[in-house]
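**Q** Below, each chain spelled out in residue letters.
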Amino acid sequence: MFEIWYGIVAAMFAAYVVLDGFDFGAGVLHLIVARTDRERREVLAAIGPFWNGSEVWILAAGGALFVAFPRVLSSGLSGFYLPIFLVLWAIIGRGIALEFRSHVPNPIWRASFDGVFSLSSALLPILLGAALGNVLRGVPLDSEGWFSIPLFTDFTAEGAVGVLDWYTVLVGVFALVTLTAHGALFLAWKTREAVQSRSMLIGGRLYILVAALWPIMGLATLRVNRDVFVRFAERPVVWALTSLAFVGLASAFWSLLRRKPLVAFMSSCLFLASLSGAIATSFFPEMLHAVNTSAGSITAFNGGGDAMGLQTAMRWFGIGLPLAILYFVIVFRTHRGSALPNPPASQPTEERA
Amino acid sequence: MDSALVLHRIQFAFTIVYHYLFPVLSMGLAFLIFVMKALGLRQGGEGWNDAARFWIRIFGINFAVGVVTGIPMEFQFGTNWARFSNYAGNVIGHTLAMEGLFAFFLESSFLYLLIRGEERLGRIGHFLSSAALFVGSWLSGYFIIATNAFMQHPVGYSVTLEGKLRLEDFWAFLLNPWALAQYAHNMISAVVTASFVVTALGAFYTLNRQHADAAARFLKIGITAGLVSSILVAFPTGDAQAKLVAKYQPVSLAAMEGRFEGGAPAGIVLIGQPNVAERRLDNPIIVPGILSFLAYGQFHAEVRGLNDFKESEWPDNIELLYYSFHVMAGLGTIMIGIMAIAALMRARGALEHNWKMLWILMVSFPFPYIAITAGWMTTELARQPWLIYGLMRTADGSSQNVHAGSTLFTLIGFCGLYLLLGVIFLYMIASEISHGPVAPSTHSTDAQREVVHV
Numbered sequence: 628m629f630e631i632w633y634g635i636v637a638a639m640f641a642a643y644v645v646l647d648g649f650d651f652g653a654g655v656l657h658l659i660v661a662r663t664d665r666e667r668r669e670v671l672a673a674i675g676p677f678w679n680g681s682e683v684w685i686l687a688a689g690g691a692l693f694v695a696f697p698r699v700l701s702s703g704l705s706g707f708y709l710p711i712f713l714v715l716w717a718i719i720g721r722g723i724a725l726e727f728r729s730h731v732p733n734p735i736w737r738a739s740f741d742g743v744f745s746l747s748s749a750l751l752p753i754l755l756g757a758a759l760g761n762v763l764r765g766v767p768l769d770s771e772g773w774f775s776i777p778l779f780t781d782f783t784a785e786g787a788v789g790v791l792d793w794y795t796v797l798v799g800v801f802a803l804v805t806l807t808a809h810g811a812l813f814l815a816w817k818t819r820e821a822v823q824s825r826s827m828l829i830g831g832r833l834y835i836l837v838a839a840l841w842p843i844m845g846l847a848t849l850r851v852n853r854d855v856f857v858r859f860a861e862r863p864v865v866w867a868l869t870s871l872a873f874v875g876l877a878s879a880f881w882s883l884l885r886r887k888p889l890v891a892f893m894s895s896c897l898f899l900a901s902l903s904g905a906i907a908t909s910f911f912p913e914m915l916h917a918v919n920t921s922a923g924s925i926t927a928f929n930g931g932g933d934a935m936g937l938q939t940a941m942r943w944f945g946i947g948l949p950l951a952i953l954y955f956v957i958v959f960r961t962h963r964g965s966a967l968p969n970p971p972a973s974q975p976t977e978e979r980a
Numbered sequence: 004m005d006s007a008l009v010l011h012r013i014q015f016a017f018t019i020v021y022h023y024l025f026p027v028l029s030m031g032l033a034f035l036i037f038v039m040k041a042l043g044l045r046q047g048g049e050g051w052n053d054a055a056r057f058w059i060r061i062f063g064i065n066f067a068v069g070v071v072t073g074i075p076m077e078f079q080f081g082t083n084w085a086r087f088s089n090y091a092g093n094v095i096g097h098t099l100a101m102e103g104l105f106a107f108f109l110e111s112s113f114l115y116l117l118i119r120g121e122e123r124l125g126r127i128g129h130f131l132s133s134a135a136l137f138v139g140s141w142l143s144g145y146f147i148i149a150t151n152a153f154m155q156h157p158v159g160y161s162v163t164l165e166g167k168l169r170l171e172d173f174w175a176f177l178l179n180p181w182a183l184a185q186y187a188h189n190m191i192s193a194v195v196t197a198s199f200v201v202t203a204l205g206a207f208y209t210l211n212r213q214h215a216d217a218a219a220r221f222l223k224i225g226i227t228a229g230l231v232s233s234i235l236v237a238f239p240t241g242d243a244q245a246k247l248v249a250k251y252q253p254v255s256l257a258a259m260e261g262r263f264e265g266g267a268p269a270g271i272v273l274i275g276q277p278n279v280a281e282r283r284l285d286n287p288i289i290v291p292g293i294l295s296f297l298a299y300g301q302f303h304a305e306v307r308g309l310n311d312f313k314e315s316e317w318p319d320n321i322e323l324l325y326y327s328f329h330v331m332a333g334l335g336t337i338m339i340g341i342m343a344i345a346a347l348m349r350a351r352g353a354l355e356h357n358w359k360m361l362w363i364l365m366v367s368f369p370f371p372y373i374a375i376t377a378g379w380m381t382t383e384l385a386r387q388p389w390l391i392y393g394l395m396r397t398a399d400g401s402s403q404n405v406h407a408g409s410t411l412f413t414l415i416g417f418c419g420l421y422l423l424l425g426v427i428f429l430y431m432i433a434s435e436i437s438h439g440p441v442a443p444s445t446h447s448t449d450a451q452r453e454v455v456h457v
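Chains as they are written, first to last, in my numbering: chain A, 628 to 980; chain B, 4 to 457.
Between beta-carbon pairs, the in silico distance windows are:
#1 E861(A) with H406(B): 37 to 43 Å
#2 F17(B) with M941(A): 32 to 38 Å
#3 P734(A) with I13(B): 35 to 41 Å
Far from chain B, by Cβ distances over 12 Å, these chain A residues were calculated:
#4 G742
#5 L791
#6 S878
#7 T908
Quick caveat, the hints were computed from the structure, so don't treat them as lab data. The beta-carbon is built from N, C-alpha and C at its ideal position, and this holds for glycine as well.
Produce the complete structure using the sequences and hints provided.
**A** In structure tokens form, the structure reads like this:
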């Protein structure tokens, strides 16, 4: 039961990375690939129908974590108190910028929200990546499974650790580069003309960087958490997922070269999903790794909720998840094809000036 | 109470009160928009559709602020109330996760289609999107109410050997009688809010001699829904809620009424100031027998007073609780009166020319917001000193691994951010109102607009 729930939670976080990942990336590139107001509205129209639904995945994943592993959720969120609020504030700024930017036809208003949107879109992958780095490296758990951690200490990733050190910052940068590349491929698929060709060019370059950073990330993880690597070697499923991620990365390159943006984007989704899966399976059963050896880690088994409650939750998950996927299909079908800048009929404020 | 606990409580109270100002309108408007779209479909013509389009634009702005201020609420269970989440996660995690799965996915998928998708979807499809938002936002409300109801009146659980809660009976938990009563009361109060807002704008346009057709429709739907809902919010739903408090939280009822001495019969307090130090109500005006009747259905029933309970069981802020409850009940009564008079005038065709009544309708839209905030404060303060009634005290639920300074920092951060958000929100709403419910022109092309804006 706990294995299944670990899988569900991991799959939901992976869905979040893939889905919100592309609109983070589009946000980072917003000021770079889109230069005029029309181009910027093209970028916003491309992610407009999707970003809100994508963001729900982190809430749903958090909900699954809450019901299945309450100990992990309560210890993790309270332990990372300040960084969590930075994430929340960035999410608030980003959502408001996206929704309100085009309502007022004033260039300064729009430029301000373009700035907020881009900045928060860049900050979020760095913060969430650093959070992943913290989970992989481990946190100083006390005997009851709580911790509190300073923002930074000596950046060594050993002993008295902080939220930011060389390793977690590296993971943050890797997340930023990867999701930006992912977003570039999404824009290459959903936009046309100038924005599309700029996105393709940037996407290709960023993917070279991703390919270069990926092995460095692997070696760095070996350095800070040997357990992950021991399990990595033992588990064939991790090897399979890593190979899939490699296939995704190679295919993204290949399709970009052949100018097939949809295939390239799908390959990028495969890359991110498999990479997330590989990380989760090589981390299992740990959920909060204790950096100090004196205390035990919180795992899927000792951090799990009550088995009977989880059985109940499985039933309504079986109803809810297919529904969520159904809505997702409806939205993607309704908005298939390239995005045009905001449809004029429902932008009444546009006409005011 | 140590300072960290106070700060956790203030931060949660501030962020939830601010957040709820938005969903309360969203949920009420989702219902009214659904009704407008249905009327438009039935009667044909563009009148109701134009009205719906205008309110959908307001809804979109309001909904966006509701979404972004709601996300921190979900996280604060873990960040600020970690011991509570760890203790009760196996139970309340269900409803919180279900909200994401059943409500948020539905809402987020159809929101964009509702706001921008009318051309793509056609009449029926657009109507169905409004139905999806109505169902989604009302489902979302249910899951949150069910979570809160568990904290007020825990059912369907047992305590494990480790001393944590586990879910025993899913349906008993989901269909908690407290949740059903609270949900009815709460959702109808959301309709009251939306009705007052729609009515106020109808009155504004009428007074301003603008958009006569839309204004008449706003007044019609706002006053009709407003009268029905403001009556229903008091009786039977508010009444049912009060009877549950009397039955399960008698000490809270005594505190809400500032009742120190118990006994029979019990009168209802219209006005008075609770004096906790001397354990009496100063300057009271009391109608005899009514509280006994409202709480237990008999005019001579005994209602216990605070003196009948240990002080350690008293709610920890009796004055605030007392005033919140009386502000809610008082405003509830005033709102019924306003809507009844307005409905009577409208029925006689006298409303449109009566500028005094239009002014009253225009400026009374804050009443439901104040009443609802006071009502939620009543619910939450009445539950104190418990976090989960009878099971966990508030003092035992906060995160101990978070320093008071960190909480103060995030509280100040929220104050600043939400102030800015409020200013932007009001500016956008004001610009929508000044633009008004007119059909947007579809003639201008992107190229033309480019010249204007770049």
